[in-house]
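J.: Given next are the chains, with one letter for each unit.
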Amino acid sequence: MIPDLGKYAIPVLGSYAASIALILGLVALSLWRSGRVKRALAEVEARQGKSNG
Amino acid sequence: MSIWEYANPKKFMQTSGMLLPGVTVLAFAAMLGGLIWGFFFTPDDYKQGATVKIIYLHVPAAMMAINAWVMMLVTSLIWVVRRHHVSALAAKAAAPIGATFTLIALVTGALWGQPMWGTWWEWDPRLTSFLILFLFYLGYMALWEAIENPDTAADLTAVLCIVGSVFALLSRYAVNFWNQGLHQGASLSLDKEENVSDVYWFPLLVCITGFVLLFVTLVLIRTRTEIRARRLQALLARERLA
Numbered sequence: 207m208i209p210d211l212g213k214y215a216i217p218v219l220g221s222y223a224a225s226i227a228l229i230l231g232l233v234a235l236s237l238w239r240s241g242r243v244k245r246a247l248a249e250v251e252a253r254q255g256k257s258n259g
Numbered sequence: 005m006s007i008w009e010y011a012n013p014k015k016f017m018q019t020s021g022m023l024l025p026g027v028t029v030l031a032f033a034a035m036l037g038g039l040i041w042g043f044f045f046t047p048d049d050y051k052q053g054a055t056v057k058i059i060y061l062h063v064p065a066a067m068m069a070i071n072a073w074v075m076m077l078v079t080s081l082i083w084v085v086r087r088h089h090v091s092a093l094a095a096k097a098a099a100p101i102g103a104t105f106t107l108i109a110l111v112t113g114a115l116w117g118q119p120m121w122g123t124w125w126e127w128d129p130r131l132t133s134f135l136i137l138f139l140f141y142l143g144y145m146a147l148w149e150a151i152e153n154p155d156t157a158a159d160l161t162a163v164l165c166i167v168g169s170v171f172a173l174l175s176r177y178a179v180n181f182w183n184q185g186l187h188q189g190a191s192l193s194l195d196k197e198e199n200v201s202d203v204y205w206f207p208l209l210v211c212i213t214g215f216v217l218l219f220v221t222l223v224l225i226r227t228r229t230e231i232r233a234r235r236l237q238a239l240l241a242r243e244r245l246a
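The listed protein sequences correspond, in order, to chains A and B. Going by my numbering, the first sequence runs without a break in its numbering and finishes at 259. Going by my numbering, the second sequence runs without a break in its numbering and finishes at 246.
If you're looking for bench data, these hints aren't it; they were derived computationally from the structure. Careful, some of the hints might be misleading.
Covered by chain B, per the in silico footprint, the following chain A stretches (three or more residues, Cβ under 8 Å) [as the list claims (entries may be wrong)]:
(1) 208-214
(2) 217-227
(3) 236-243
Just so it is clear, CB atoms sit at the ideal spot from N, CA and C, and this is done for glycine as well.
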C-alpha cells in the first residue's frame, strides 16, 4: 500500500509531515482562539444582561 | 440585495454560520482525497522520481500564499475606501493562514530542491521574493498587534498590504521577469504541451480545491472570532466606563 519512495523517502515524507503539522497547528490554534473568545463574550454578555435586567 | 449587506457584522455572522459546516466538510474531503490520491495512487516521474509527490503540497500552498495576499489587498482596499470593519477584520484573519501557506511552500520547496537541484536554498528570484513575502506576512501580523487603536491598525496594515502586493505579484511572475533562476516556469498551464501530465494534474486539481476551501473555512472561522473579539472589547470598555 505504501509506495516505495526509495532514496527520496526523507524529502517526500518530510514534506508531508511538515505540511500536515503546520496545517493542523493552524487549525487547532484557530479553533482554540475561537472557543476562548466565544466563551469570554458569552460570559460578559450574560453578566451585562443580568446587570441591565 | 447588495453585496455590501455582508459588511454588516450581524449579517456576516448569520451567513458565515450557515456556510461554515458545508465548506468545512468539502475542504476536509478535498484535502484528504487529493493528498491520498496523489501520494498513494500516482506513479513516479521519469525525471524526478518519487519527489513529484511533493507537488500536491508545494504548488497549492504557493498558489494560496499569493492568493491570500491578493484577498487581503482587496479587503484592505475596501476598508480604505468604504470603511467596512468586517473587511479589515477579514484581512487580519487571513494573514496567519497566508503566512502558514507561504511557510509550507518554502519548506516543501527546500525539501524538493535539495535532491533535484543539489541545494536547499538559492537566492533565485522566485525563492527570494517568496521569502520576502513571508517576511511581509510576519510584519503585517506584528503591526496589527502593535497598535492599540483598531482603526489606526487597520489603516496602517492596509498601507503595508498595498506595498507588500508588489512582492506577492513578483513571487508569481519572478520566473518570467528573470531567466537566471533555478526555479522552472509555471507547472500549470492551459497549454497542453506545457502543463503537467494528466496523471498528476487531476489529483493536483483536487488538492488545489482542498487548499482553497481550507483557506475559505479558516478565513470564515477567524473573521467570526475577530468580530466577536471586537464586540467583547466594546462591552468590556462599556463596563469600565459604567
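J.: A separate judgement is required for each hint: does it hold in the structure or not?
T.: How the hints compare with the structure:
Beta-carbon proximity to chain B at under 8 Å applies to 7 residues in the region 208-214 of chain A; the threshold of 3 is reached and the given coverage holds. Residue count for the region 217-227 of chain A with a Cβ under 8 Å from a Cβ of chain B: 7. That meets the three needed, and the coverage hint holds. Counting residues of the region 236-243 of chain A whose beta carbon lies closer than 8 Å to any beta carbon of chain B gives 5, which reaches the threshold of three, so the coverage claim holds.
Comparing the model with each earlier hint shows no violations; every hint is respected.
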